[in-house]
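**Q** Chains as they are written, first to last, in the numbering used here: chain A, 1 to 327; chain B, 328 to 563.
If you're looking for bench data, these hints aren't it; they were derived computationally from the structure. Misleading hints may appear alongside valid ones.
To be verified - Below, in silico cross-link-like pairs of lysine to any residue (SDA-like), each with a Cα-Cα straight-line distance of 20 angstroms or less: (1) B/K537 - A/S8; (2) B/K537 - B/A364; (3) B/K537 - A/R20.
Just so it is clear, the structure is predicted and the values come from calculations on it, not from any experiment.
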Amino acid sequence: MTIELIKSGLLTSIQDAGRRGYASLGLGRAGAMDEPSRRLANALVGNAHDQAVMEITLAGPTLCFREAAVIAITGGIIEARANGQALPPWTTCFLPAGTILRMGGMRHGCRSYLSVRGGFGVAPVLGSRSTDLHARIGPCGGRALRAGDAIATGHAAACSWFPGGNEMKALGWGLDPQPWLDYAQAPLALLRGHHFDALDDASRQMLFSGRFVISRHSNRTGTRLEGTTLQLRHPLELISEASVPGTLQLPPSGQPILLLAEAPVTGGYPRIGQLAAVDLPRLAQRRPGDAVCFTETSMDEAMDRLRRRDDALERLLRRIGQRLESA
Amino acid sequence: MSLTNVHIETLAEDAWLLRFGNDIDVAINARVHGAAAQIGAALSDIECVPSYASLLLRFDPRHWTDTQGRFAGHHLRDAIDSALRGAAVSETPMKEVVIPVWYGAGEDLGDVAAHAGLSAVEVIARHTAVTYRVAMIGFAPGFPYLLGLDPTLAMPRRPTPRTSVPAGSVAIGGQQTGVYPQALPGGWQLIGRTPVQLFDVSAEPPSLLKPGDRVRFRAIDEAQFDRIATQAGTAA
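Only chain A is shown next, with the shape it has when bound in the complex (with noise of 0.2 angstroms):
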């Protein structure tokens, strides 16, 4: 089967897990930016958890599906319409052969997860289908989805859940985003950055006290953020170095830049701060012109938070495994 695309949305491209094990040689992981709802997008519709997703930023395309789909879609509350009749959010939904389904503006988030059962079918580049739109590696030479592209999905097995017919129906539960999908926009954790001791007095306060805005110059490399601006004691001299994702680096300008999934794999601007990988899908789903601002936290505190996330996470898909079986 093929998803045609008739419409690309503002920014789309298929996400997966990451490409690992390609730092050393130049090509960082890139993968979905918000992980948690990727993952959970693949156990609504009983994909294995590597299978790879479409990425969907904040105004989502329009795509025709010339045979019956499952899909769900996670992440980022979208509006969607599948001939019109609108699709819950987080839930299983059958769409039925020749459906035109029409993604608008996002309500809540900035990143939504569309899964199909079995998965998209497009060849993995070194081992992975994320795509790097940055580095321009991955599916699709690499690049956004645009109108009239044609995308195979993987062999759907069958399934009870739904008897057929001619009209989207979905499951009569979903899941409720609350917990993974952050409303009330909480700070974020942050760790003090190797750095850190080198920013001025005022800054080492404003960086747990001040309001940042992301900047729309934000991207999958990195989230620029505006409204408060930090300053170093005196310029340092560094040589570049290895970086990861989640790093809040302090270029010349002042206005730190959050490293993302395709940041460049090395850097050579002070590191500030690191954010909690707790707190990267949260981060994920805020979009240019939202507040962020930080509280401060410790390895120990990041490490428990991030396990306990996980827990939670392992526990939710393995319900979400039962209830489809027993569907």
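Using the hints, position chain B against chain A.
**A** What follows is chain B alone, placed relative to chain A:
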């Protein structure tokens, strides 16, 4: 080697940085590659990413836990220390890659020569006389930062970076020399072009070079460039 004189920076939940120094220096960089080889051989599920003076380790924190399932950093530290105390791992194959360069295609070759007070021919002679070492790969997939540039050829980056440097451009930026694997924005001084492909996703490994490799440049002319480019499928 051991962790005794190595500074460990906890970068993230799944990442540590081992720092061997703070300078761009051949001996420090050699320690980085040596450590990467030892840790890579002993702890295969840790991803090693070398740079000039430090080595990034990315690991799965769930593999290094105490009996309560909590991350136990001392287990990881001990494992790294014992990997470093083990016998040096010979970095075989000690690959030396020869990269053919058509220096006539370098837009800034004249500027570099003027800056160095040399003729273009002398610049080429000095650039091809050295065996370089790939200190690290970064900035873009397959982009090698090479150590060993003749100091007389060092030249600051251009005041305004180019929005697009052609693929295969051989360039000088400060004390460093490198090769642009694909068309990219960049501020380095362009002294030539290679028809060789440095990063190819259909190859395994995809990068012509890896950190620690030795590199030499060999001067070719336009006709040789075209012939190699046609064979390699990199002809524009």
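**Q** Run the structure past the numbered hints and jot down the numbers of the failing ones, going up.
**A** 1
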